[in-house]
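Novice: Here are the chains, one letter per residue:
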Amino acid sequence: MSIEQATERWVRTGGVELCVAELGDPARPTVLLVHGYPDSKEVWAEVASRLAAHFHVVLYDVRGHGRSTAPRPLRGGFTLEKLTDDFLAVADAVSPDKPVHLVGHDWGSVQAWEFVTVERTEGRIASFTSMSGPSLDHFGHWIKKRMARPTPRRAAQLLGQGAKSWYVYLLHTPVLPELAWRGPLGRQWPKILQRVEKVPAGDYPTASLPQDAARGAWLYRDNVRARLRRPRADAYAHAPVQLITPTGDAFLSERLYDDLEQWAPQLVRRSLPAKHWVPRTRPDQLAAWIGEFVTATEDTAAGVAPRDTAASGPYADRFGGQLVLVTGAASGIGRATAYAFAEAGARIVAVDRDAEGAARTAEMARLIGAPDAWAETVDVSDEQAMEKLAEKVAAEYGVVDVLVNNAGVGISGSFLDTTPEDWKKVLDVNLWGVIHGCRLFGKQMADRGQGGHIVNTASAAAYQPSKALPAYSTSKAAVLMLSECLRAELAGRGIGVSAICPGLVNTNITSTARFAGVSADEEKRRQRKSSRLYGLRNYPPEKVADAVLKAVVRNQAVVPVTPEARGARLLSRLAPRALRAIARMEPPL
Amino acid sequence: MASAAVSAVSASQGELTTRLRGFREVQRLAYACAEAVAAQLKPGVTEREAARMQREWLRERGVADWFHLPFAWFGDRTAFVGFRVPLQFFPTNRRLEAGMPFILDMAPVHQGFTADVGYSGCLGLNPVHDKLLADLEPHRELILREVRERRPLREIYEDVERLMTRQGYANRHRAYPFGVIAHKVGRVKERRWSPRLFGFGTQALKGLASDALHGHRDGWSPLWSPYTFSDHPPRPGLWAVEPHLGFRGTGAKFEEILVVTDSKDPEQSAFWLDDDLPHVRRWAEEKSA
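Top to bottom, those sequences are chains A and B.
Numbering that gives the first Met the number 0 puts the first residue of the first sequence at 0, with every later residue one more than the last.
Numbering that gives the first Met the number 0 puts the first residue of the second sequence at 0, with every later residue one more than the last.
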C-alpha cells in the first residue's frame, strides 16, 4: 500500500535502504512524521493528507519496517545511534537547507526524543511534536527518582506504569514474540486494534505487519535495558516541544510527563481523550495541533510576534483550537461557558436568538483567548433554523468538538394555571432545543468518528419536584433522561454526554420567566422579586461554567453544581420523601 | 455643608460657586496624583508602595486629612476576585507585572473639600482592560440621565447592573461595603488632629454618620445601594459615583463627583462636577481617532 499522491524515493544509509514518501509543496516548511511499533509509515496516512495542504510532508519507514530494508544482523542494528543516522540521512535528503519539524508517535516519538536531545542534530530540528512515546532517558530518570524515594504516591505511579509496560517484558523474551507475530497474533492484530483500540477499519494495518512487528522487537531489545539502566544526564531538548497526551492510553501513564518541563523548557502541553493510536483515531485534531505548532514556531523564527491574547485558562491543553458551540450564549450560564472555553483557547460559536448579545459574547471571547469566535442568531426551538445552522457550521467552521445545549426559558405557576401555549413554549425551547442540538450536531460528531462531547443544561428542578415549577421541572427532567440515554448510546463512539444541574444561579432567567395564571403587573412584580432573591443568593454563572469544563474533561454524567443542587440530588436518593415535602412548600414570591 | 453649596448653584443658575470650585480643585488634584503615580508604576512595584506613593504625593501638596486613605489594586484584585471581608481591600504586597491592570483609588480632603476618585490603568498592553474602560462610558451617561429623570436611586442601581450584565460584565461595586455604587461627600472641618479608623478619616465618617442619621429620619440615605434604604429619588448634594466593572480577573472603574441640585431645570438638576478628567478625555480621543 502507498499513501495517495505521495512520491516515493529511497535513501541509502548505514547498510539499509529507507523508503521515503513526500507530499505537498517542497517549498513549504518540512514536517517529518516518524511511525511507531508495530507500524509502518502508513499509520500517518490520514494525518499526512490533512497536513499536505499547508506543508511539505515527509514520512519514512523506520529500518526493518514497511518497505525499508532491515539491518544484518538484527541484533545491534536498531540502536538509537543508528536510528539517529537514519533520521539525519532522510532530513538531509528532503530538506538539505532548512531544519525540519519532527512529529513522532509511539516508538517514533521515543527515537525523536533521542534526535532532539543529542548534540549532532542541533540546527536540523525546528520543532518536535511528541505523542505516546517518552524519552528513554527521561523515563530512566523518572524511575530512578521514584525508586530512590518511594513515597506512597511515587510507588503507586511506579507500579501503575510497571503494569502498563507488560508487553515490554514479553518482547524481551527470545523467539516467542517473533513466533507470535508471524503466527496468530499477526493475523488477529487488525481485529484487536478495531475492538480494543477502536481504530477504524480500512487499509491499515498493512500486509507487512507481521514482519514489521517481528523485526521491530529489536527496538526494545537493543535500547530499553541499556537506556533505563544508564540514562543520559544531558537529554535536554534543543528545539521547542509540543507534547500530545492521549488520556486513555493503555500503555503509558500520564504521570510519565510530570517533570518534562525540566528537560524541555519551551513545552506546550496538549491532552486528548483517546486511546493509544491517535494518528488513526483523531487525525483532525492532530493535524490541527501540529499545523498550529509548526506555524507558531516558524513565525517565532521569522520574528513575527505571537498573538497578544494567548489562551491561559486551566484547560488550555485540552480545548486549544477545538470548536465549541454554545446555545443561549447571549447571557447567563451560556455566556459564562463560552468565555470559559474561550479562555481555554477554543474557537467559539455563540448561538442565541438575541443577536446583539451573541455578537457581544463572540467579541469578548476573541479578546480573552479564542482564536476565532462567531455569533449566530438562531431560535433553538425552530427546527429548520437549527438545520440551517448545522449545515452552515459544518461548512464554514468545521465539526463541533464540544456542544453545549444551554438555551432555556423559565416558567412558574401551578399546573392548573399553565395553558397549553405555555407548555408548548417551554417544551419547544427547553426540550426540543436540546433534541435538535443533539440530533444535528451529535450526528455530525458521530459521522466524523473522532469523538466529541455534548453538554446539556438540565436543572436541579430535574430531580427536585416543586408545585411552583411543574412545566419547567418536567422539561428539565426530560433533558436529564435524554442526556443519560444519549450517553449510553454514544459511549461506543467516543462521544461523552453530560447533564449539568446548576441550581439557583444569578442569571436573567428570572427576569424573563413566565409566571402562569397571574396578571401582567403581578408577573412583572414576581419577576423583579425572584431576580432579587436570586441576586441575594448570588451564585455566579462563572462557577457553573467551570463545572461544565470540568464535566467535559472528566466525562461526568450528571453534575449538580450549587450546594442546594447537590443537597437535593443526595436527598433524592436517600430520602425522596423529604424532597416531596419540600415540593409542597410555597415559594416566597 | 454640601447642600448649602448646592442651593447656591441653583440660585446662580450654573455659576460655579467658590465652594463647588473647591471641590473641583481637590478632585483635579487627586486625578493629577493618580496620573503622576500611574506614570511611575513599573514591574515589581507593590500595592503598598503604590498606596504610599499616592499618600506622599498628596501630603506634599497640602493634604492633611482623608475621607479614606489611598488604595491600590493590581491584577485580579482589580476585580475583587475572592474578596470576602473588607480588610482585603487594603493594599497588599502583590507586585505589578507587565500587562497587569491596576486601580488607584484615593479620597483626599484639601482645605475642607473632599474628593473621591478612582483611576484605572494597565501596565503595557491589555486589550481586555481597554475594552472595559471604553465600556464604562455608557454608564456615565446612563447615571446622569436617570438622575436627571429623578428615578429612585435603587432603580438606577439596577439599571446600571442590567447594562453591565448586557455588556457581559459582573457588577463589582457590589463588593464594596453595603454594595454601594456611590456615596455622599461633603465639606469636612479641618482639625489639627484627624485620626483614622480602618483607613477612613473620622471627620469624614462623622459627616457620613450625621447624614445617615438625618436621612434615616427623612427617608433617604447617603449610601447609594441596591437595598430598600436607597429606594428614594436622588438627594441634592455631592455624590462620589463609582461604577466598577469586572470581567474574569480584570476590573475597571472610574469615580468622580456628581452634583445633584434641587433645580427644576433638568440640565441644572444634576451634572458631573468636572468633564475634564482622564477617562473622559480618553473616550473623546478614542472617538476622534
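FYI, nobody ran anything at the bench for these hints, they're computed from the structure.
Hints should not be assumed to be uniformly reliable.
Said to hold, decoys possible - Label-pair distances were calculated between CB atoms; the ranges are:
(1) B:Arg-27 x A:Gly-516: 56 to 62 Å
(2) B:Glu-284 x A:Ala-519: 33 to 39 Å
(3) A:Glu-563 x B:Lys-263: 47 to 53 Å
(4) A:Pro-539 x B:Glu-284: 33 to 39 Å
(5) B:Glu-284 x A:Leu-266: 21 to 27 Å
(6) A:Arg-536 x B:Glu-284: 37 to 43 Å
(7) B:Phe-197 x A:Pro-539: 24 to 30 Å
(8) A:Asp-233 x B:Ala-97: 32 to 38 Å
(9) A:Ala-52 x B:Asp-158: 49 to 55 Å
(10) B:Ala-31 x A:Arg-148: 56 to 62 Å
Glycine is no exception: its CB is placed at the ideal position from the N, C-alpha and C atoms.
Novice: Indicate, hint by hint, whether the structure satisfies it.
Specialist: Structure-based check of all given hints:
1. At about 58 Å, the beta-carbon gap between B:Arg-27 and A:Gly-516 stays in the expected band of 56 to 62 Å.
2. Distance hint check: the CB atoms of B:Glu-284 and A:Ala-519 are about 46 Å apart, inconsistent with the given range 33 to 39 Å.
3. At about 50 Å, the beta-carbon gap between A:Glu-563 and B:Lys-263 stays in the expected band of 47 to 53 Å.
4. A hinted range of 33 to 39 Å for the beta carbons of A:Pro-539 and B:Glu-284 is consistent with their spacing of about 34 Å.
5. The hint said 21 to 27 Å for the Cβ distance between B:Glu-284 and A:Leu-266, and at roughly 42 Å that hint is violated.
6. In this structure the hint that A:Arg-536 and B:Glu-284 lie 37 to 43 Å apart at CB holds, the actual value being about 42 Å.
7. For B:Phe-197 and A:Pro-539, the hinted distance range of 24 to 30 Å is satisfied, since their beta carbons lie about 27 Å from each other.
8. For A:Asp-233 paired with B:Ala-97, a C-beta distance near 33 Å keeps the hint of 32 to 38 Å intact.
9. Under the hint 49 to 55 Å, the C-beta atoms of A:Ala-52 and B:Asp-158, about 52 Å apart, fit the expected range.
10. Between B:Ala-31 and A:Arg-148 the beta carbon distance is about 59 Å. The supplied range of 56 to 62 Å therefore holds.
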